[in-house]
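Student: Next come the chains, spelled out residue by residue.
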Amino acid sequence: MAGQGDVANAKDDTRYYGVDSGAGLTDLAVDLSHQADDLDVGTGCVYEASGSRWDFTTLPWAIDLLVNANDTDTGYLYSRETGGNGLRLTLATGGVVEARVDTVLVASVTIPNIDAGGDDVAITWSIEANVFTTGAGNACRSELRVFNVDDGTFAQTVATHALPTAAAASAIWGARTTAGASAFSGDMLELRWSVGRFHPAAESREDFVGLTAASVLAYENRREVPVPTRDSAIGAHNQFAGPVYQAVAAGLGQLDLRQAGAVVAELYLDAPTQDESPPTVRALDDPDGDGFAFLGQYLVHRPVPRSCNRLRVRVQIQAWRVDASPPDNIRIRCYSMARTPLGLAGNAGPLPAWTRFYEEVSVISADGSGTTGGAWYAFDPLRIARDGTEDGTWLGLAFLVEDDGGGGTADQRWRVRAWTVEPGIIDSAGELPLGGLA
Amino acid sequence: MAVYWRQTLAGLGQHVAPEIVPLNGLKLMRRGPVEAVFRSQDFVVGLSRRIVATGGLRGSETWRTPNSDPTAMAGTHPTPTARRRIGSGSIDLTPGCFLRCWAVVVPSGETQLSGTTPGGPQGRLEVDCVWTDRTGATVSTTHAVALPASAEQYGAEPAVMWEALYGRTISEITPPGLGPTDELRRWCQHVHVDVTIYAVAGARVVDAVVFEQPLEVAMEADDDGELWCSHLYASVAPGGAAAPLLYPWQRFDETTPDGNPRGGTLHALDVHHGQYQRLGPVLCSWSAARESTGAETVALVATAALEGGGSTTFALAEPGLACGSGGYARRQSSNSEYVLRNRVAAIPVIVRAFAAASVAGSVRVQTRGDSYIDVTIPVGAIAWHVAQGWLEVGITPDHTRCLIQLFGTSCTVHAVTVHYAGGYIPADA
Numbered sequence: 001m002a003g004q005g006d007v008a009n010a011k012d013d014t015r016y017y018g019v020d021s022g023a024g025l026t027d028l029a030v031d032l033s034h035q036a037d038d039l040d041v042g043t044g045c046v047y048e049a050s051g052s053r054w055d056f057t058t059l060p061w062a063i064d065l066l067v068n069a070n071d072t073d074t075g076y077l078y079s080r081e082t083g084g085n086g087l088r089l090t091l092a093t094g095g096v097v098e099a100r101v102d103t104v105l106v107a108s109v110t111i112p113n114i115d116a117g118g119d120d121v122a123i124t125w126s127i128e129a130n131v132f133t134t135g136a137g138n139a140c141r142s143e144l145r146v147f148n149v150d151d152g153t154f155a156q157t158v159a160t161h162a163l164p165t166a167a168a169a170s171a172i173w174g175a176r177t178t179a180g181a182s183a184f185s186g187d188m189l190e191l192r193w194s195v196g197r198f199h200p201a202a203e204s205r206e207d208f209v210g211l212t213a214a215s216v217l218a219y220e221n222r223r224e225v226p227v228p229t230r231d232s233a234i235g236a237h238n239q240f241a242g243p244v245y246q247a248v249a250a251g252l253g254q255l256d257l258r259q260a261g262a263v264v265a266e267l268y269l270d271a272p273t274q275d276e277s278p279p280t281v282r283a284l285d286d287p288d289g290d291g292f293a294f295l296g297q298y299l300v301h302r303p304v305p306r307s308c309n310r311l312r313v314r315v316q317i318q319a320w321r322v323d324a325s326p327p328d329n330i331r332i333r334c335y336s337m338a339r340t341p342l343g344l345a346g347n348a349g350p351l352p353a354w355t356r357f358y359e360e361v362s363v364i365s366a367d368g369s370g371t372t373g374g375a376w377y378a379f380d381p382l383r384i385a386r387d388g389t390e391d392g393t394w395l396g397l398a399f400l401v402e403d404d405g406g407g408g409t410a411d412q413r414w415r416v417r418a419w420t421v422e423p424g425i426i427d428s429a430g431e432l433p434l435g436g437l438a
Numbered sequence: 001m002a003v004y005w006r007q008t009l010a011g012l013g014q015h016v017a018p019e020i021v022p023l024n025g026l027k028l029m030r031r032g033p034v035e036a037v038f039r040s041q042d043f044v045v046g047l048s049r050r051i052v053a054t055g056g057l058r059g060s061e062t063w064r065t066p067n068s069d070p071t072a073m074a075g076t077h078p079t080p081t082a083r084r085r086i087g088s089g090s091i092d093l094t095p096g097c098f099l100r101c102w103a104v105v106v107p108s109g110e111t112q113l114s115g116t117t118p119g120g121p122q123g124r125l126e127v128d129c130v131w132t133d134r135t136g137a138t139v140s141t142t143h144a145v146a147l148p149a150s151a152e153q154y155g156a157e158p159a160v161m162w163e164a165l166y167g168r169t170i171s172e173i174t175p176p177g178l179g180p181t182d183e184l185r186r187w188c189q190h191v192h193v194d195v196t197i198y199a200v201a202g203a204r205v206v207d208a209v210v211f212e213q214p215l216e217v218a219m220e221a222d223d224d225g226e227l228w229c230s231h232l233y234a235s236v237a238p239g240g241a242a243a244p245l246l247y248p249w250q251r252f253d254e255t256t257p258d259g260n261p262r263g264g265t266l267h268a269l270d271v272h273h274g275q276y277q278r279l280g281p282v283l284c285s286w287s288a289a290r291e292s293t294g295a296e297t298v299a300l301v302a303t304a305a306l307e308g309g310g311s312t313t314f315a316l317a318e319p320g321l322a323c324g325s326g327g328y329a330r331r332q333s334s335n336s337e338y339v340l341r342n343r344v345a346a347i348p349v350i351v352r353a354f355a356a357a358s359v360a361g362s363v364r365v366q367t368r369g370d371s372y373i374d375v376t377i378p379v380g381a382i383a384w385h386v387a388q389g390w391l392e393v394g395i396t397p398d399h400t401r402c403l404i405q406l407f408g409t410s411c412t413v414h415a416v417t418v419h420y421a422g423g424y425i426p427a428d429a
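Heads up: the protein sequence lines correspond to chains A and B, in order. The numbers in this note's numbering rise by one with no breaks, and the one at position 383 of the first sequence is 383. The numbers in this note's numbering rise by one with no breaks, and the one at position 404 of the second sequence is 404.
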């Protein structure tokens, strides 16, 4: 019997997972979750007469289905209802998925681009507590989503509603009754019931639509270390204290970046068009003599968590020429500086050293001057030149336009439409200890 | 009787993770390695430099306050009391951290009293805060710093701004009366703060940033275990003296109420989970203010990108904000390598939009085609509106998919803030 870890989509919170491997309902009745507790096969459905795993009164939980349906298919997808209490998930004609709590319609969403020929569709319903609840009537927050797997389209409805009332009836997948009343007229391919964790859209997509390509990451990552809670009683008298402290110590090693967020988050409204001749009041030739011009509208002084040693910088640039010549090479540097190039006015005493680091990108692009367009350019990891407080750094952008392909540089234009900087750690030598890095 | 502990966090050094090896199995339980765990738990909140709000030139080439003669025409210059919102943010404070403001400016420009009467070159930077404690009670404060005035004719800016940059700091932006420990403890309960940065009169702000700065933390013996984000093991400061541990598992005083929960396994677990539930990044804090025109908001009718570009749907090539470092808040239970296979991350967040609407509108924060949160903007004047949800984020800052894009429909928007909210409990809950 397969179990948790043997089947990719049978996870820690999965209480039932059925997959049609060709034998239809017979396959779907086989529970591939770690619970390994098979369902029964009914008429047009699979079901379990009772069972605590279907408890939907304790949040969060999630229902996921992969089905093949066309625009005329209808029927019950999941139900557990008694006397007006419980849950119901159905499909109505036209690809309308409807979620009901205690028979009240709480959310509906239409499958995008569903057609007569049928599409593979992932339907997911995730519920968690509504933290902004004002009473029992909106204690829950639901996300009802549909992914048209065949064409990649997606739709979602978010709703708040009451907690469903417990129902002792059978949990039935694919029909209203075990005898096949209101049976789903399409094909059920995968069914999953999960308890104890909210499934965000990203998880449903990764599980039932397709895996995102893995990124090659140079920056250190962090994640929560699994540590039992107080309720587990592992920390109580007559238990082992050592494992608790060891686990908490491991967790502390992952906390050094926990609160490290964006240092620069600039998304410019009405981004001005720039050329090689910026306003003289704003420009400063870089003291390194490389011909770059600092522009004052891109100078910021920002705090950086002390544990970080590099900055991830990106700019979104839209470039074009006003004549027909080939685009020029716009070289852009992002500086991290211990102070501004000329220092601050009004400060007594000698200027501290102008410690600075920079990285550079090159933009040769013909994006046009429309209201959309351009591309993101990522700088190599930027070392941090900390200011006198050790808490901050000065960040600035500098520009240089070089002729590339003739036509001179006077007709080159560009806009900086966004500039983002995020802190992190590069440990290419693998020598830095977790937590507390210089 | 209330029993308090407090620690000073200002000037705190770097977080140092405790050694794990001495805590491995088959080793004698010793005080030192255990104490290192407690002390390390006290350094964590002091790491925060989360940015709450920013404002300034933000790409503009010109100032709201012109270099021209104020007597030439009425309405060309701001009045001496005119306040312009240049940035706003709204977050739940890291317990023990309050706020600090750094600003870099050039000399302030000319003002007009009424008509064309000059008011003289002058400017201030003001930071308004509305602090909400856990009972829902609010306290408003204003923190101001005077800015240098231009000595040029008509209060013009210097010929080269780089030669006349001035730095200004508002060191401690806090609620009033943090001296008594009970009042400090009131504001160390993961409280909420709305922040607005104003440029007043002829202020010319190149860049202003309001960010979290560790100051002091206090807790009370019977505070709910889930609210502790620091162990408060040592006295005075995390590196201070501490009472000797008696037994590895035992808290200093098991009495309830008014005991001493510190110094044992249960408290270590509570603090661990408090830190992972409540501490996390501010993904972005963005404002629509533009220095060149003095505009504070952007108004949208049909669905459009808030930055004014032509996009109406999410597109990775279009401009936005970064959310790669959001991956630092990955949770073991919901987006570990097993759950999301180390391809993407998704974290619970709270989205706040400072916006108004004349017909019901919405603001959308989106990080992928199927990852977005809509904040409903009801009919009414500008105010903060909020929504909970989950956003896909990168795993690290260099993750190839780490972009936030902002859209709006039928609303007028000044600011949007997105922050981690793993164990979010609103005030007055």
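The set of hints was computed from the structure by calculation and includes no laboratory data. The beta carbon of each residue, even a glycine, is placed where N, CA and C say it ideally should be. The reader is advised that the hints may include incorrect statements.
As the list claims (entries may be wrong) - Short derived list, chain B residues pointing at chain A, Cβ under 10 Å:
{"no.": "1", "residue": "2"}
{"no.": "2", "residue": "3"}
{"no.": "3", "residue": "5"}
{"no.": "4", "residue": "348"}
{"no.": "5", "residue": "391"}
As the list claims (entries may be wrong) - Derived contacts from chain B toward chain A, CB cut-off under 8 Å, selection only:
{"no.": "6", "residue": "51"}
{"no.": "7", "residue": "128"}
{"no.": "8", "residue": "130"}
{"no.": "9", "residue": "136"}
{"no.": "10", "residue": "137"}
{"no.": "11", "residue": "139"}
{"no.": "12", "residue": "143"}
{"no.": "13", "residue": "301"}
{"no.": "14", "residue": "303"}
As the list claims (entries may be wrong) - With beta-carbon atoms standing in for the labels, derived distance ranges:
{"no.": "15", "chain 1": "A", "residue 1": "370", "chain 2": "B", "residue 2": "386", "range": "54 to 60 Å"}
{"no.": "16", "chain 1": "A", "residue 1": "388", "chain 2": "B", "residue 2": "113", "range": "21 to 27 Å"}
{"no.": "17", "chain 1": "B", "residue 1": "222", "chain 2": "A", "residue 2": "233", "range": "44 to 50 Å"}
{"no.": "18", "chain 1": "B", "residue 1": "113", "chain 2": "A", "residue 2": "371", "range": "39 to 45 Å"}
{"no.": "19", "chain 1": "A", "residue 1": "138", "chain 2": "B", "residue 2": "180", "range": "37 to 43 Å"}
{"no.": "20", "chain 1": "B", "residue 1": "239", "chain 2": "A", "residue 2": "129", "range": "23 to 29 Å"}
{"no.": "21", "chain 1": "B", "residue 1": "176", "chain 2": "A", "residue 2": "139", "range": "35 to 41 Å"}
{"no.": "22", "chain 1": "B", "residue 1": "81", "chain 2": "A", "residue 2": "344", "range": "44 to 50 Å"}
{"no.": "23", "chain 1": "A", "residue 1": "348", "chain 2": "B", "residue 2": "151", "range": "48 to 54 Å"}
{"no.": "24", "chain 1": "A", "residue 1": "129", "chain 2": "B", "residue 2": "26", "range": "39 to 45 Å"}
{"no.": "25", "chain 1": "B", "residue 1": "151", "chain 2": "A", "residue 2": "129", "range": "21 to 27 Å"}
{"no.": "26", "chain 1": "B", "residue 1": "177", "chain 2": "A", "residue 2": "36", "range": "46 to 52 Å"}
{"no.": "27", "chain 1": "A", "residue 1": "162", "chain 2": "B", "residue 2": "239", "range": "33 to 39 Å"}
{"no.": "28", "chain 1": "A", "residue 1": "360", "chain 2": "B", "residue 2": "182", "range": "49 to 55 Å"}
Student: Could you tell me which of the hints above the structure violates, numbers in ascending order?
Tutor: When the structure is compared with the hints, numbers 1, 2, 3, 7, 8, 9, 10, 11, 12, 13, 14, 15, 16, 17, 20, 22, 23, 25, 26 and 27 turn out to be violated.
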